[in-house]
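Asker: Residue-level listing of the chains:
Number of protein chains: 4
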Amino acid sequence: MITSERPVADVQSRPDRRRIPIDQVGVSDLRYLVVVADRSERPQPTVARLRMSVSLPQEVKGTHMSRFIEVLNRHREGVAMATLPLILAELRRRLGAASARIEVAFPYFRERRAPVSGASGLVDYDCVFAGAVDEAGIDCSLAVRVPVTSLCPCSKEISDYGAHNQRGFVRIEVRAGPDEVGIDELIEVAERSASSPIYSLLKRADERAVTMRAYDNPVFVEDVVRNVATELQADRRIAWFRVEAENDESIHNHVAFARVEWARPADGV
Amino acid sequence: MITSERPVADVQSRPDRRRIPIDQVGVSDLRYLVVVADRSERPQPTVARLRMSVSLPQEVKGTHMSRFIEVLNRHREGVAMATLPLILAELRRRLGAASARIEVAFPYFRERRAPVSGASGLVDYDCVFAGAVDEAGIDCSLAVRVPVTSLCPCSKEISDYGAHNQRGFVRIEVRAGPDEVGIDELIEVAERSASSPIYSLLKRADERAVTMRAYDNPVFVEDVVRNVATELQADRRIAWFRVEAENDESIHNHVAFARVEWARPADGV
Amino acid sequence: MITSERPVADVQSRPDRRRIPIDQVGVSDLRYLVVVADRSERPQPTVARLRMSVSLPQEVKGTHMSRFIEVLNRHREGVAMATLPLILAELRRRLGAASARIEVAFPYFRERRAPVSGASGLVDYDCVFAGAVDEAGIDCSLAVRVPVTSLCPCSKEISDYGAHNQRGFVRIEVRAGPDEVGIDELIEVAERSASSPIYSLLKRADERAVTMRAYDNPVFVEDVVRNVATELQADRRIAWFRVEAENDESIHNHVAFARVEWARPADGV
Amino acid sequence: MITSERPVADVQSRPDRRRIPIDQVGVSDLRYLVVVADRSERPQPTVARLRMSVSLPQEVKGTHMSRFIEVLNRHREGVAMATLPLILAELRRRLGAASARIEVAFPYFRERRAPVSGASGLVDYDCVFAGAVDEAGIDCSLAVRVPVTSLCPCSKEISDYGAHNQRGFVRIEVRAGPDEVGIDELIEVAERSASSPIYSLLKRADERAVTMRAYDNPVFVEDVVRNVATELQADRRIAWFRVEAENDESIHNHVAFARVEWARPADGV
Numbered sequence: 004m005i006t007s008e009r010p011v012a013d014v015q016s017r018p019d020r021r022r023i024p025i026d027q028v029g030v031s032d033l034r035y036l037v038v039v040a041d042r043s044e045r046p047q048p049t050v051a052r053l054r055m056s057v058s059l060p061q062e063v064k065g066t067h068m069s070r071f072i073e074v075l076n077r078h079r080e081g082v083a084m085a086t087l088p089l090i091l092a093e094l095r096r097r098l099g100a101a102s103a104r105i106e107v108a109f110p111y112f113r114e115r116r117a118p119v120s121g122a123s124g125l126v127d128y129d130c131v132f133a134g135a136v137d138e139a140g141i142d143c144s145l146a147v148r149v150p151v152t153s154l155c156p157c158s159k160e161i162s163d164y165g166a167h168n169q170r171g172f173v174r175i176e177v178r179a180g181p182d183e184v185g186i187d188e189l190i191e192v193a194e195r196s197a198s199s200p201i202y203s204l205l206k207r208a209d210e211r212a213v214t215m216r217a218y219d220n221p222v223f224v225e226d227v228v229r230n231v232a233t234e235l236q237a238d239r240r241i242a243w244f245r246v247e248a249e250n251d252e253s254i255h256n257h258v259a260f261a262r263v264e265w266a267r268p269a270d271g272v
Numbered sequence: 004m005i006t007s008e009r010p011v012a013d014v015q016s017r018p019d020r021r022r023i024p025i026d027q028v029g030v031s032d033l034r035y036l037v038v039v040a041d042r043s044e045r046p047q048p049t050v051a052r053l054r055m056s057v058s059l060p061q062e063v064k065g066t067h068m069s070r071f072i073e074v075l076n077r078h079r080e081g082v083a084m085a086t087l088p089l090i091l092a093e094l095r096r097r098l099g100a101a102s103a104r105i106e107v108a109f110p111y112f113r114e115r116r117a118p119v120s121g122a123s124g125l126v127d128y129d130c131v132f133a134g135a136v137d138e139a140g141i142d143c144s145l146a147v148r149v150p151v152t153s154l155c156p157c158s159k160e161i162s163d164y165g166a167h168n169q170r171g172f173v174r175i176e177v178r179a180g181p182d183e184v185g186i187d188e189l190i191e192v193a194e195r196s197a198s199s200p201i202y203s204l205l206k207r208a209d210e211r212a213v214t215m216r217a218y219d220n221p222v223f224v225e226d227v228v229r230n231v232a233t234e235l236q237a238d239r240r241i242a243w244f245r246v247e248a249e250n251d252e253s254i255h256n257h258v259a260f261a262r263v264e265w266a267r268p269a270d271g272v
Numbered sequence: 004m005i006t007s008e009r010p011v012a013d014v015q016s017r018p019d020r021r022r023i024p025i026d027q028v029g030v031s032d033l034r035y036l037v038v039v040a041d042r043s044e045r046p047q048p049t050v051a052r053l054r055m056s057v058s059l060p061q062e063v064k065g066t067h068m069s070r071f072i073e074v075l076n077r078h079r080e081g082v083a084m085a086t087l088p089l090i091l092a093e094l095r096r097r098l099g100a101a102s103a104r105i106e107v108a109f110p111y112f113r114e115r116r117a118p119v120s121g122a123s124g125l126v127d128y129d130c131v132f133a134g135a136v137d138e139a140g141i142d143c144s145l146a147v148r149v150p151v152t153s154l155c156p157c158s159k160e161i162s163d164y165g166a167h168n169q170r171g172f173v174r175i176e177v178r179a180g181p182d183e184v185g186i187d188e189l190i191e192v193a194e195r196s197a198s199s200p201i202y203s204l205l206k207r208a209d210e211r212a213v214t215m216r217a218y219d220n221p222v223f224v225e226d227v228v229r230n231v232a233t234e235l236q237a238d239r240r241i242a243w244f245r246v247e248a249e250n251d252e253s254i255h256n257h258v259a260f261a262r263v264e265w266a267r268p269a270d271g272v
Numbered sequence: 004m005i006t007s008e009r010p011v012a013d014v015q016s017r018p019d020r021r022r023i024p025i026d027q028v029g030v031s032d033l034r035y036l037v038v039v040a041d042r043s044e045r046p047q048p049t050v051a052r053l054r055m056s057v058s059l060p061q062e063v064k065g066t067h068m069s070r071f072i073e074v075l076n077r078h079r080e081g082v083a084m085a086t087l088p089l090i091l092a093e094l095r096r097r098l099g100a101a102s103a104r105i106e107v108a109f110p111y112f113r114e115r116r117a118p119v120s121g122a123s124g125l126v127d128y129d130c131v132f133a134g135a136v137d138e139a140g141i142d143c144s145l146a147v148r149v150p151v152t153s154l155c156p157c158s159k160e161i162s163d164y165g166a167h168n169q170r171g172f173v174r175i176e177v178r179a180g181p182d183e184v185g186i187d188e189l190i191e192v193a194e195r196s197a198s199s200p201i202y203s204l205l206k207r208a209d210e211r212a213v214t215m216r217a218y219d220n221p222v223f224v225e226d227v228v229r230n231v232a233t234e235l236q237a238d239r240r241i242a243w244f245r246v247e248a249e250n251d252e253s254i255h256n257h258v259a260f261a262r263v264e265w266a267r268p269a270d271g272v
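Protein chains in written order, with the numbering used here: chain A, 4 to 272; chain B, 4 to 272; chain C, 4 to 272; chain D, 4 to 272.
Any given hint could turn out to be false.
One copy or two, either will do: identical chains are not told apart, so a pair holds if it fits within one copy or between any two.
[Claimed, not checked] The calculated SDA-like cross-link candidates involving lysine to any residue, where the alpha carbons are at most 25 Å apart (straight line), are:
1) Lys206 with Asn220
2) Lys206 with Val14
3) Lys64 with Pro88
4) Lys64 with Arg178
Hints listed in this document are in silico derivations from the structure and should not be mistaken for laboratory results. These numbers were taken from a predicted model, which means no experiment stands behind them.
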């Protein structure tokens with residue numbers, strides 16, 4: 004093993020003269036074992052993809068990348084919307100930066116019971132905890148991507164029988180008060196807005212129920228985002244949202260999508 | 004620019020004493036603009052992912068990677084099942100190797116007319132031209148992955164109305180005589196085996212037709228592979244095939260799949 | 004074949020009462036064979052991924068998805084920054100929409116000559132043509148992602164010999180006057196900002212030159228984005244840019260990145 | 004909620020007359036939270052991608068997909084090479100099948116200490132537990148994909164200074180006695196065969212050590228697979244292996260790879 008017999012220069016801390024401040028510098032595509040906590044459920048181990056960065060003033064040549072991992076190591080057993088402010092504050096302090104950002108993307112698992120048999124299995128939902136802090140304050144958001152069934156209203160109406168349906172995804176991202184909204188709540192909003200929830204384990208009686216429920220609740224991608232939007236606008240905890248619905252069309256080899264973004268007006272209506 | 008003022012050593016050609024012959028050494032994940040030709044259609048430009056390799060005898064340290072690109076450059080305007088033998092022979096000769104392999108994966112586009120309106124649009128099919136040559140001879144295969152609609156027979160039968168359906172894929176790989184079977188033929192076999200073909204452009208009258216056709220032709224993944232297998236076994240040009248059907252289940256967040264592999268018996272039955 | 008014997012209802016055109024206007028509704032993940040044209044090069048066939056959408060007023064239930072494909076069919080032989088305004092205008096008119104958007108992502112290939120031998124091969128660059136139009140006007144941007152070699156200045160300085168280096172990517176997105184900036188120019192800016200360009204075909208004398216050039220030009224991700232930013236700020240055609248550098252670190256299993264976004268001040272300095 | 008008021012037909016159990024037995028039918032692309040156990044380490048929670056299937060005789064129409072999830076639910080807290088035989092036996096029994104297969108792909112995390120500072124962080128390794136059982140017996144394999152640094156011997160020798168290096172991956176798959184070989188052992192074999200291990204957290208003194216270690220140990224992809232092969236051939240526990248080395252070339256936009264497959268001769272030499 005080579006040992007370090009001489010002092011190793013701190014190249015990163017040297018001055019830079021190009022006068023270009025850097026908005027974000029850090030690490031991305033980092034896969035890490037973490038424990039995530041949602042407000043209403045038990046903490047859950049999962050595998051996250053992380054992106055962490057800080058700003059760099061124009062006069063400094065480089066940041067110290069290893070410190071991102073050190074901060075993550077201290078918090079990886081408790082990654083939550085509630086702990087993002089602590090992690091961000093520590094990133095900012097440890098890196099000596101004016102601003103810091105973090106995005107934690109991970110699959111979150113819930114046990115789901117089939118509607119008739121009650122048979123249960125895990126369903127995976129892609130989630131993102133995101134946060135940014137600077138002198139002006141902190142800004143966090145929570146995103147959940149929910150697989151659903153969608154059944155086409157047009158196909159149903161114009162056909163003598165049947166209706167094309169498919170796997171769809173509803174992605175909801177919200178800004179709310181600190182840890183006020185849970186992953187579970189957003190999953191449920193998404194599922195109510197589509198033709199049917201999906202499950203990992205269905206027995207035949209469940210399949211019958213799910214098939215007929217979807218046929219009874221046809222929705223376009225436009226309907227899905229409007230259903231979600233209506234519900235979130237009525238929820239005074241939500242300050243901002245973006246919702247996107249995607250259908251992996253069963254009659255096409257492309258996706259149909261719709262998107263709405265909304266911010267609660269200043270008077271809170 | 005640095006110029007090369009001294010002779011550059013050929014490190015790769017040096018002897019190796021570990022006595023480990025190498026099955027395959029080469030380049031992969033190479034993205035290249037090529038022109039592919041199918042037996043029955045006009046040549047088509049497309050973007051391919053290539054994997055090319057040769058064997059290396061135990062006494063040689065390394066291969067010469069740049070020669071793979073040189074061979075590809077000479078053939079990129081005419082990549083076809085019919086030209087694979089030429090490309091393979093050139094790889095083998097140029098690299099001085101006992102055996103050579105190539106895999107060319109690319110999207111292939113066909114213009115498809117909607118069933119009622121006749122409106123037309125391109126549909127993309129993932130294809131692979133694969134070949135290997137050694138002292139014993141040459142072995143080539145053609146693979147096509149075809150998007151389809153599949154509608155569940157169980158869901159249809161047990162429900163009072165509706166039936167879950169979804170986007171599925173049928174992947175067929177065949178070995179046949181030199182350039183005897185076309186991409187188009189395999190696409191058609193796949194589509195006949197599923198509930199309905201898919202299209203990029205459907206007007207409402209087409210959507211009605213496709214919805215009802217799928218409802219009239221329910222298939223499990225098991226049915227799809229059996230339908231394909233029945234047809235390919237009856238086609239005397241086919242010496243071997245592997246077929247895999249996948250359904251991106253609309254009621255689940257996972258895939259249902261089935262696979263059959265078959266080789267024509269030596270007596271050709 | 005089922006024929007459409009009855010009038011098929013236009014479900015999408017019906018009124019909607021939820022009072023939620025939709026920002027974007029359309030198709031995505033559509034793979035299509037197109038011909039792209041850059042300002043300075045011959046048109047080039049390639050395989051694009053497209054996302055096209057329009058806005059939908061609150062009182063209309065759904066859009067007409069097939070029309071996106073119809074518009075694309077008419078323009079697929081000539082997709083260029085110069086033709087985006089025409090395509091957008093046609094999307095808007097054909098869909099009867101207040102605003103329309105398009106994103107065309109595709110690999111663009113250039114023939115690159117090795118620095119010493121002059122041997123040539125294609126290199127692939129991921130590009131995006133993006134545009135949006137509404138009553139207020141049109142907004143277009145061009146993005147190019149360029150593979151490069153980056154060599155770490157810290158590793159070079161603190162080590163007695165060697166320096167870790169790796170494949171990196173420089174993504175530059177710009178807003179400029181209509182078709183004023185070419186893909187080639189952005190590729191060259193990115194390559195000048197890194198330790199060395201990359202090539203698909205290098206002979207040994209080239210490999211020697213590239214190795215030493217990279218060692219002579221060490222850069223952090225911070226340096227890469229600053230080098231790009233300095234050059235683009237000095238180019239008066241550029242109204243806005245975002246540049247991101249990524250290193251697929253050879254000593255880590257994650258990515259190091261830096262990002263700068265900049266808009267030319269109103270007084271044009 | 005729709006309740007199931009009538010008996011639901013078991014469509015899958017009906018006879019099929021096409022006379023095509025199916026090799027594999029089941030579920031794939033199933034993402035599940037599991038606990039994996041390696042022979043030498045504490046059990047570890049992780050997120051797996053699973054593929055499970057059974058064979059289906061020619062006279063049966065379909066399999067019962069929900070049972071795969073039921074079997075997984077019972078074993079998800081203890082997925083290990085040591086428990087694969089139990090899971091396979093249960094799949095076979097529960098599905099009434101002649102043969103059954105399972106593949107469990109997952110990231111496995113190890114804490115790695117930096118070589119000089121001792122600073123520690125997690126590194127992720129993609130692993131696969133695979134097994135198949137039929138009347139003839141059981142066949143299991145373990146695969147590990149290890150990120151490494153590789154430094155090019157040719158570039159080092161022909162250049163006055165520097166040497167291109169990059170992130171590489173060494174994938175080792177082995178068949179051995181039941182649970183005889185651990186993930187950790189394969190990771191260490193892979194790392195010894197490359198220019199240097201990689202780490203998630205390195206301080207400057209570590210970076211110096213890693214840079215110089217890589218420069219002192221240049222390897223081609225051919226060397227990497229030969230180094231692994233030499234070591235595994237000498238290990239009498241190993242009955243079969245396949246090793247593949249990949250370099251994400253820092254001077255190219257493609258991958259260089261080499262592959263060796265080997266089975267221990269019947270006389271065990």
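Asker: Now tell me, hint by hint, if it's right for this structure.
Answerer: Hints, one by one, checked against the model:
Taking the closest pair of Cα atoms, Lys206 and Asn220 come within 25 Å of each other both inside a single copy (21 Å) and across two copies (23 Å). In this homomeric assembly, Lys206 and Val14 come within 25 Å of each other (Cα to Cα) only across copies, at 13 Å, whereas the closest approach inside a single copy is 62 Å. In this assembly of identical chains, the alpha carbons of Lys64 and Pro88 never lie at most 25 Å apart, being 27 Å within a copy and 41 Å across copies at closest. Taking the closest pair of Cα atoms, Lys64 and Arg178 never come within 25 Å of each other, the shortest separation being 34 Å inside a single copy and 27 Å across copies.
Hint compliance for this structure: hints 3 and 4 are not met, and every other hint is.
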